[in-house]
Amino acid sequence: MKAVVLNGSNRDENPLNIWENIIVEKLENRGWEVETVELRNIKLSTCIGCFGCWIKTPGQCILKDNGVKICKAVARSDLLVLLTPVTFGGYSFELKKMVDRLIPNLLPLFTKINGEIHHKTRYEKNPKLLVIGYHPQYDEESERIFKELVHRNAINMDSPANHAEVVTGDINDVKGVAMLRKIKVIS
Amino acid sequence: MSEYTKVFLLMGSPKGEKSVSNNIVSYILEKFHENGVKAEKIVIVKQVRTDDALNKLVSKAIDSDILILVSPLYVDSIPSITIKVLEEFYKLTKNSLRKKQKFMAIFNCGFPEPHHNDLAMDMCKKFASDSGLEWAGGVTIGMGPSLDGRSLEKFRMARNLCNGLDIAVEALMKGESVPREAMLIASKPLMPLSIVKFVMCNFGRFLWGNQMDKSVKKKMYDRPYES
Ligand SMILES: Cc1cc2nc3c(=O)[nH]c(=O)nc-3n(C[C@H](O)[C@H](O)[C@H](O)COP(=O)(O)O)c2cc1C
Chain U
1 MKAVVLNGSN
11 RDENPLNIWE
21 NIIVEKLENR
31 GWEVETVELR
41 NIKLSTCIGC
51 FGCWIKTPGQ
61 CILKDNGVKI
71 CKAVARSDLL
81 VLLTPVTFGG
91 YSFELKKMVD
101 RLIPNLLPLF
111 TKINGEIHHK
121 TRYEKNPKLL
131 VIGYHPQYDE
141 ESERIFKELV
151 HRNAINMDSP
161 ANHAEVVTGD
171 INDVKGVAML
181 RKIKVIS
Chain Z
1 MSEYTKVFLL
11 MGSPKGEKSV
21 SNNIVSYILE
31 KFHENGVKAE
41 KIVIVKQVRT
51 DDALNKLVSK
61 AIDSDILILV
71 SPLYVDSIPS
81 ITIKVLEEFY
91 KLTKNSLRKK
101 QKFMAIFNCG
111 FPEPHHNDLA
121 MDMCKKFASD
131 SGLEWAGGVT
141 IGMGPSLDGR
151 SLEKFRMARN
161 LCNGLDIAVE
171 ALMKGESVPR
181 EAMLIASKPL
191 MPLSIVKFVM
201 CNFGRFLWGN
211 QMDKSVKKKM
221 YDRPYES
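Heads up: the protein sequence lines correspond to chains U and Z, in order.
All letters in the first sequence, in the order written, are residues 1 to 187 by the numbering used here.
All letters in the second sequence, in the order written, are residues 1 to 227 by the numbering used here.
Calculated directly from the structure, the hints in this document are not laboratory data.
On a predicted model such as this, the values are computed, not experimentally measured, just so you know.
With beta-carbon atoms standing in for the labels, derived distance ranges:
hint, chain 1, residue 1, chain 2, residue 2, range
1, Z, T5, U, D173, 52 to 60 Å
2, U, I62, Z, S96, 36 to 44 Å
3, U, V174, Z, L207, 48 to 56 Å
To give an idea of the interface, some chain Z residues facing chain U are shown, with a C-beta separation under 10 Å as derived from the structure:
hint, residue
4, A120
5, L193
6, V196
7, M200
8, W208
9, R223
Note that CB positions come from ideal geometry on N, CA and C, so glycine has one too.
All chains should be modelled from the sequences, with the hints used to inform the complete structure.
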């Protein structure tokens, strides 16, 4: 089983980096093959909205940088883990840069899901989605938006399962392991 | 509204000026200008490449009295470059005493149902409350790509949107928030949803195929990364 972990933390000492270590360790102990990417440290352009990945080179972004490699790894994975500071209830710039670049893995064609229009996915099998957001202190509205966003992203990516968690305050191994035990998508 | 009131429109489409968002911005700018109000547009994608340009953009946004964000929806949310601007704005203003400043947001998305934009709108409201801005209201537009290529008032199906935007601009000029009725009118679907959904689901291949070269059409379903 393959997992891709995208860390959208904007600085080296963010508590998210500790969460990342705990998650990777847990997955590796269970025999997962894990690829991690610290998005702030790599060259990654922002999506230019050209739809070239649908109408010029189907399935591939026309911007030839690390985004292409990551998109490929995500298409071949069983689990996509996203880590991000929660900004206004959503994903950070660092993480969203890559999330916007994942649309080559969708088809331009449409389908109805729960009566709403969405895109069909390009691949038969899509990864499960686990998203961990960090917010320094508890904020009800941020958490509501964040969880709803992950749920809607999972619909758009046709993820077979998804889980969103917003963590606050300090982190230690005991707290991390206890939280992860409850998360079905990696258990 | 005094002649010193500064209106600032943030155009958030990563496509730049050839975008639906830019069409909407142009329409709003004209309405302000017709009424003698100085309103300025900034194309975010041109101003985020260097820290210096970004700082200039954000300083101007902070300095405005009315800030209006017009943006497409990207993956159920705000496009990355536009998030960057909001993050910088928040960083620079969070601990400072703020003057009264209004914030309005307008989102357009590709799917026909305007409500796909609701979460992006919630994020904008959250941004406003976190950054000490007064939320002035929002407009959500579905089927945005059908408003591409021509000025907004030339589209018959955009008449509700234009009417709603007219009322919104008028209210903002009086120093008020956008009336709820204006937001509802502007956010009405451009066409009956059941018809649009039928066409999108059954004729999607043709809708997209028209934009592809013959040789690419055959590759529409390619899976370059299949393991
Ligand atoms: C990377 C990317 C992600 C998108 N995600 C969504 C989406 O989640 N829902 C939707 O309805 N449209 C989505 N769209 C479509 C755009 O919102 C739509 O094409 C819009 O009209 C573009 O506006 P603009 O011309 O102002 O850039 C997406 C487009 C791109 C390029």
